[in-house]
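Work out the full structure: start from the sequences and follow the hints.
Protein sequence lines, in the order shown, are assigned to chains A and B.
Going by the working numbering, the first residue of the first sequence is number 530, and it counts up by one from there.
Going by the working numbering, the first residue of the second sequence is number 1450, and it counts up by one from there.
Keep in mind the hints are simulated off the structure, nothing from the lab.
Be careful, since some hints might not be right.
Said to hold, decoys possible - Cut-off 30 angstroms, straight-line C-alpha distance, at most; resulting in silico cross-link-like pairs (BS3-like, lysine-lysine):
(1) K1448/A / K1407/A
(2) K1536/B / K1545/A
(3) K1396/A / K1492/A
(4) K1407/A / K1549/B
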Amino acid sequence: MSDVSFEPNAIVRGFQLTIVGTIRALRNPELFKHEHFRQAAIAVAVGVVIHLIVQIPIIILKFALYIMSFIVNLHEANWDDKLLHGLGFISQSVLQIPFVLMTLMGHLTPTLDEIFMQSIHWVDTTYIQKHKSDNPDTLRAMYYPNLALFPTKDGTRNSQPKYQVIIGFVNRYGKKLALGLGVYFLSTLPVFGRFVMPAASFYTFKRNVGTAPAAVIFGAGLVLPKTLIIRFLHTYYASRSLMRELLDPYFRRIKFTPEQKRRWFHDREGVLFGFAFAFTVALKTPFIGVLMYGVAEASTAYLVTKITDPPPLLQKVQTLRRAKCTMALPTSGIGSGHMDPISEAHLLITQLYDPANQRNPARIHDIQARIQQLQKGDHAWEIADSLLREPSAQHRFMGALTFTVKINVTGAELDEIMAGQILERLLNHFISLVTEGESAMVIRKLASSLVAVFRNSSSSWKRALWQVAASLAHGSFVTEQQSQTVDFLGGVLPALTTHKATALTFFSIALAEEAARLETEPQDLVASVIQRVKENINDAFLLVRYTLQQIAQHPTGSEKHTPGQILGNEAISSWKAWLNIYGAHTHSTEKETQVLVISCGQGIIELLRLPSFSEYAASILTQAFETRSWAFDGNSISNLAQILSNSIVTDRLIAMIQGEEGSENMTFVDLLVAYVSHLGFNLFNNPMEPQNDRLLAILHDIFKTPGYAAIDESATPRVLEYWGDIAETLPDELQSDDPRYPIVKEQLAKVVLGMFNKLIYPTAEDLADWTDEERSEFNAFRSEACDYLLSAYPTLGVELVSVFQESATTNLQKADWRSFEAAVFCIAQLSEAVDDNGHADQCLDAIFGSEAFSRLCLGSEIDIPLKSRQTLVHAFGKYESYFERHSYILAGVLNVLFESINFDSCAQSASRSILTLSKSCASVLTPDLPVFLDRLDQFRSRPTATVSTMPKVLEGIATIIQKLDSDEYKVQTLDRILTFLVQDAVTARAEATASEYDTARTHAHLVLSCIASIGKGLRADSDEAIVIEATDDRGPYPDSFWNKGAGSGIQQLIMQVMSLLIVDFPVDSAIIDSACDILKAGYTESTGLFVFPPSLTVDFIRSFPLGISGTDVIMATASSFLASHSSHAMKIREQAAQLIVHVSQLFASMLDNPELYDPETANAGIDFLTRLLSKYYPILFSLTDPFPSASGPASRDTPVYVLLLNFTLYALTRPEPLVLRSASAFWVAMVDLRGSSHDETAALDEVLQRFIPPLCGTVVQQIAGRCARSDLTFLNDVLRRTMFKKMNLARPSLTASLNSLDVQAADSKTSLLLPQDKSRFVESMVVARGAKAQSLEIVRSFWLKCRGMSFDYAQ
Amino acid sequence: MAAQQSYYELYRGSSLGLSLTDTLDDLINEGRIEPQLAMKILSTFDRVVTEVLADKVRARLTFKGHLDTYRFCDEVWTFLIKDVSFKLDNQSTVSAEKVKIVSCNSKRPGEA
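Shown next, in the form of structure tokens:
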């Protein structure tokens, strides 16, 4: 094709495309709205003006020549002709100025590029419309979306300084001009000159269009006149040059090498020449020719679609840009399709805040996404500038935000000069907006933009506050150096208005807060910024102090939101913010600043007196007292005490105590508490300072605040917390002979009396209005109060109990049940301090031995409210030791308890107390057993007899039964209890048969829980040590009274119940739990009712299928079973083997059928194996045959133990953390196993020899970045133990596994692990010698290396 | 606005913290977030866990045991307690053979 591309048909085709392309372009309605035509119009206007300016002297000169011709004979002279020719040339040249200007503009602004892209979009659109009836699959691909995905070739072009662009442009045109002139002058040489022009043409033409056309032109050059040839060549080169300019937007995106580009042009030479020729001529039209430039660019888009294929999508570009494309498409509908970025940003922000869009989150999201794109894009600086000049505050806010975003995304690319320029721009905006009275929202945002400049690592900005202040005072930007020529405190600050001072304080706070954020960043990156921040600390505090002084001199009154109040509050915030920075860095070294800080604190303390500042000042001072107490000296403390005890602050506190004002005064309570906490025990110095005495009185009076604590008022809990701290620290801080000790003790006692009324439980009416959360809040407060009582007890002693005892006794007599309840509640809480030691027995005797209490025990004649009853029965349970010592009261107490168990709200506490007291006093209660059994018979038919109460009562009774001397008597009582439980079991079975599953389950659960509780109660005394390891020759199920004697009937009853409620019963996890508890009840016993034959457990466990809920409990029971028989393991060999085979069957079904995989079963099964290993491994490894029903690929022909080990290896690859962990624990146990004989050791070694290589392979695969980070700890345990214990096997296996490992980077497909990395890993693991921390670090590093350093964030 | 302070990272080792880190790893692996965001999330986790444990948790327990070893180093107290019995709010008791308590100062250098 190359040699025929420059041929007439191609040229005609190009010309044809010019016409069609122009028509298409002119139909695009958006074309003439474009910025380019505005620029072109300006260029034309400039050209016309210059033309006129040049024409005036030319006309004057021509007129002068005309006048002169009357005097001088100009026909003879030729200088006038040369002059006129020259003037004509200048005139013609001037006409080209607009063209030159527009060509230059094309390099300076992206308007032509935008026209090209817009037009190509238009061509795509018209193409789709034209072919909408065609099959979409046959249509050509779109140009616009694909081209838009490609970055422009010189993406940084627009961010280049403009002078560089101009220099480049002048260079290129200068070279062309010089070459043209050179050829021209050579052509004027005699003889030789005649051949210069044709030869030059031949040379260039041959390269571009081929030998034949070049030869024709060379020949014509020798024959035709030189001017004609020059004109032809000039037009040819001009059109080529124009074509290259017009195609520039295309080649910016489609990256060609110079050679490819040359070939591209070469192949299309004719068409391009034909296309550009017409435009070259049209562009030469005086004045309006330049307007055709934009049309030519638009037509070029059409040309491109005809002479190229749609650009191929590079996969990577496509992936990276897809998000951009999809985000850009919806917003293209918002604006005008291809609007300039600045206008687009304005429009988007208008739409963002448009109320019509507020209910369309998807649209808001799209708009925000596009705005963010623009804020990060090349035009962000211009957009920010433009937005800040908008009349709308929202636009200005976004303008400030754009600055921040752009500064942050530019990051390290910002050099010092650029940072300086941005600072100047920003500061000028800041100053002008502040001067115009801008809103706080925008000023704050701009302040944070300034901070973003400060924070940039290339910035060398140091005394930022000084410079900003000086610029504000000056009214425009001043340099940092200039700013420091005026004294900050004496010169700059006094020159600031309130508004400017507020803006400066905004900036000051923003700077401090940013510095605080930097504390959490890696210090090596931000140390220099923090260092620069520190240089501003003094200025910041000077500003605060100056502001506070101004406010003190000109108080603003009580009005809110005045400029003065805003400034004052900002100054307070600024003090707090800079206190953090100062405290974290220099507070111990900069004594001068320390004085300044303290004087600011004093100023803020003084603000407490001013109503408009007092609340905010109080909150900031409270925080400062709690964390920065060094910011206050003696004078500050003294001033604060004065203000707290006698000022408007005191008035506010008193008003709150009297119930006149509400929670808004909590700030002052917090300050009061912060102050007294700061003083510590110095508050109680003897003699006490008058203001402190007054403050203590206020603290006590707070307990009188009306309403329920924590619900209606928050002051009491706050003050109680303070007293709790005092009570807790007193014994450590003060000796009992310290003069302050009795004062503090007196105060603590006063608190007890003060808070008592606050502990009274709300009435039923009040309680009905409370939410659950409020009830819980109030209960939490009562718990806090109990903590206080326990803390105060060491100081106050038994007197504390006597206070409540008196209250309880008095109120019991008066039947003031609410106060009685509060007193009993406190006594119950104090049981921890007095129950065991009997210190308060006298006080307790006074209550429980009273006549009123005896009447209460007798029962129904006293109608005690439920809450009081509940608290009382709870208190009984707390004094088990006391009742053990005073067993004569027990009968009455248990009477109250059995009576209370019938009330719904008391049943829980009462059953718990019955259990507690029965356990502690079982021996003394045996004579009362028949009474209890009667009460039980009454209770079991009550609605309160539920699974949460009944088992506790039964356990208590069983504990008493256990203390009976005669086994026969035990059998009688148990028979009485179990008979009704069997009846209930039969009922549950019948309900299940009738498909009433829920009721059946509830009953079954209750029955089984009751039996399990009886089992717990019947256990031998827990004080007796159970020696599991003891050698037991009697076997797993020795003959006893309970299986061969009179008790065997009872055991049969229990097994009957189990059978009724398990076999073919709709069990759930609760039922399984209880059934397992029954089985486990006998595991710790050597003989007894609950020691069942081993087959019962084995059959029970084997009866459950795979995947049932509660598998973990079942397998844990199996483990407990084996553990209970570990002393005679070989005697239950058969049962142990059955259990192991059962587990292997479960595992085999999961291996053979992955859809049946159940993590809970896997975890429970592996856990079971781990636990049995130490004692039962000989049985496990003796299972060398497949289990009988094995038929799947994983189990067929596979020995049981191999199947189990294979499954544990598989579990190591699972994503479920628990399964992986249990498998890891199993392998750790495996590796740690030691054979007790030579044969066992040999067998073990054989197993390990077989399994360590696959184990190493699996672990290596996992730690090579595949497992989760949290799994590493467990996999490391396996690896380190294996390496340490079985080095000779593990080392070659690990090396082989690593050698076969190939970890590749996701993007580059390069290998992340080098051979030396692998060998280093092995060596490091060997050197670690099984040390946990060391090997974990090695494994973590290996995991990170394989995953990639992006995952290093959590270190 | 309260100035930001740094928080201890020790809760990252809790099961919640480990699960969060694993989830963040997964999100980074899928290319849905950047590591920088993951760092921010972990910092927020450090802060929120500390605040919630301080402000919201109402549960309490008491425990008794034998203090075996204690030490105070770099503002960190460590207690090793043996045969510990925990009494929970609901009166239930939990026993442990050995418990290690590590307690860090809730106030950082520079604070009072």
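Status of each hint after checking the structure:
no.	hint	in the structure
1	K1448/A / K1407/A	13 angstroms, holds
2	K1536/B / K1545/A	20 angstroms, holds
3	K1396/A / K1492/A	34 angstroms, violated
4	K1407/A / K1549/B	29 angstroms, holds
Checked against the numbered hints above, the structure breaks only hint 3 and satisfies the rest.
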